[in-house]
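Visitor: Numbering (my numbering), first residue to last: 931 to 1373.
None of these hints come from the bench; they were simulated from the model. Just to be clear, a hint being listed does not mean it is correct.
[Claimed, not checked] Each computed DMTMM-like pair below joins lysine to aspartate or glutamate, with the alpha-carbon atoms no more than 25 Å apart:
{"hint": "1", "residue 1": "K1231", "residue 2": "E1255"}
{"hint": "2", "residue 1": "K998", "residue 2": "E1167"}
{"hint": "3", "residue 1": "K1133", "residue 2": "D1079"}
{"hint": "4", "residue 1": "K1045", "residue 2": "E939"}
[What the hints assert, rightly or not] Each pair of labels, with its calculated beta carbon distance range:
{"hint": "5", "residue 1": "G1343", "residue 2": "D1035", "range": "14 to 20 Å"}
{"hint": "6", "residue 1": "A1369", "residue 2": "D1035", "range": "43 to 49 Å"}
{"hint": "7", "residue 1": "A1246", "residue 2": "E1222", "range": "37 to 43 Å"}
{"hint": "8", "residue 1": "G1373", "residue 2": "A1200", "range": "18 to 24 Å"}
{"hint": "9", "residue 1": "A1210", "residue 2": "V1258", "range": "46 to 52 Å"}
{"hint": "10", "residue 1": "L1080", "residue 2": "R1185", "range": "41 to 47 Å"}
Glycine included, C-beta positions come from ideal geometry on N, C-alpha and C.
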Amino acid sequence: MVVAHLTDEQTATKLAAVIASGKLTAVEATEAAIARIEEQDVSINAVVVRDFDRARQQARDADARLAKGDSAPLLGVPMTVKESFNIAGLQTCWGVEAAAGNIADEDSAVVKRLKAAGAVILGKTNIPPMLTDWFAENPVYGRTNNPHDLARSPGGSSGGAAAAVASGMVPVDYGSDIGGSIRVPAHYCGVWGLKPTYGIISKEGHFPPGIKEGAEGALSVVGPLARSADDLELLFEATIDRSLPKATTALSQSRILLVLDHPSVALEDAMRRQIEDVAAALEDAGAEISRESDLLPDLEKQHHNYMRMLNVAVTAGAPRPDGSEVTVREWLRMGDAQARNQRQWRALFAEFDYMLAPVSSTPAFVHDTRPMKDRQLMINGAPDRFAGQLAWAGLVTYPGLPATVLPIGSVDGLPVGLQVVADQYQDHKTIDGARQIEALLGG
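Take the sequences, apply the hints, and build the full model.
Guide: Put into structure tokens, the structure is as follows:
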């Protein structure tokens, strides 16, 4: 099974160890990353807000910390974050022209934690306007291209993040996810991504300009993108609000639910074969694979309820097209339906260790920035609604579950990712399960 990789640059975990050993300074690592960005980003356009001068000072500070015996986990590691995270002194406009020139006066909570862990922040990566699509293009920063095929989307909304990591410009980035915005770019670009359990990493400083909080808080999360399981874990640990148990389950002893069919969307046959190959390898290793379960919630109903809540979230509760507003009663009913759905998933994960599912129905699509309602994807030779792809994202977002995406192969030279899902607060378990799958596949 071939997994498409574009770079042999070191992971953040290995780079941190090399810097800690004294074989490489933080300044040297930072200058190397800046050089890669300046060389490669001409054709990709991933790092759209650059802060190289201050990054060089951060690197000098990291070397000074190291000389004093500091052992912070990310000490001297250069990285980027999604444009939507506030960094004091830098623009945060969420790809919206009207907000261009909005300069943050304080770092977001995630950026504060990354800096405390020793990371050197080189700048910020591209997004679609208001983070609401699966590409990374906007009138402020232009278009980001997929490093595997410049004619295709890198995904979104953390598309610039995935492109920067996949191409080797940086080892890690930090993104956000409400409709697959970490997972889809990871899948499209052939990297790793973690959508954490809802509510366990602070989103302070990750709101649209002029908005401090909103209905989007009911679904969205923030999390890392990387080129390895170890790096996901490293950034997760550096930014999480509180420690979580690191329980793991050997694949040979795992009960796994495989979900490849969804009533709201089709799945490309080539993608299905890739995931079935993984399931076969898991069965050969001793795992118990089930392809159906009476405990699985009604996925059509779940998707309907997810879309209702998502539509409120992405508009921050603004009036609907007909001018009507979501009432408090409606919102409470949405929350009640979500809670009932979450109880169903808790019952399912009492019987299964993991769920495996696609991230999207196809690999990366050719650039198309028409309104989502006007777009279609060809799936198995037939046109399908583009927005239907949200079904695979909502499968995990709506109940607030953690999911790790890892690359498992390729179709026509384009990466294919897989969602490894577990119960709430078992984020480490999803990372470890994905790590074991990678090892099983020979990664």
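Visitor: Take the hints in turn and mark each one as holding or not.
Guide: Against the structure, the hints:
1. K1231 / E1255: Holds, because 23 Å separates the two Cα atoms, which is no more than 25 Å.
2. K998 / E1167: Given pair K998, E1167 holds - Cα atoms ~23 Å apart, limit 25 Å.
3. K1133 / D1079: violated, 32 Å
4. K1045 / E939: holds, 22 Å
5. G1343 / D1035: 14 to 20 Å: Between G1343 and D1035, where Cβ atoms are some 45 Å apart, the hint is violated.
6. A1369 / D1035: 43 to 49 Å: Holds - the Cβ-Cβ distance for A1369 and D1035, about 45 Å, lies within 43 to 49 Å.
7. A1246 / E1222: 37 to 43 Å: Holds, since A1246 and E1222 (Cβ atoms, about 38 Å apart) stay within the stated range.
8. G1373 / A1200: 18 to 24 Å: Because 20 Å falls inside the window, the suggested range holds.
9. A1210 / V1258: 46 to 52 Å: The hinted range 46 to 52 Å holds for A1210 and V1258, with Cβ atoms some 50 Å apart.
10. L1080 / R1185: 41 to 47 Å: Because 42 Å falls inside the window, the suggested range holds.
Checked against the numbered hints above, the structure violates hints 3, 5; every other hint is satisfied.
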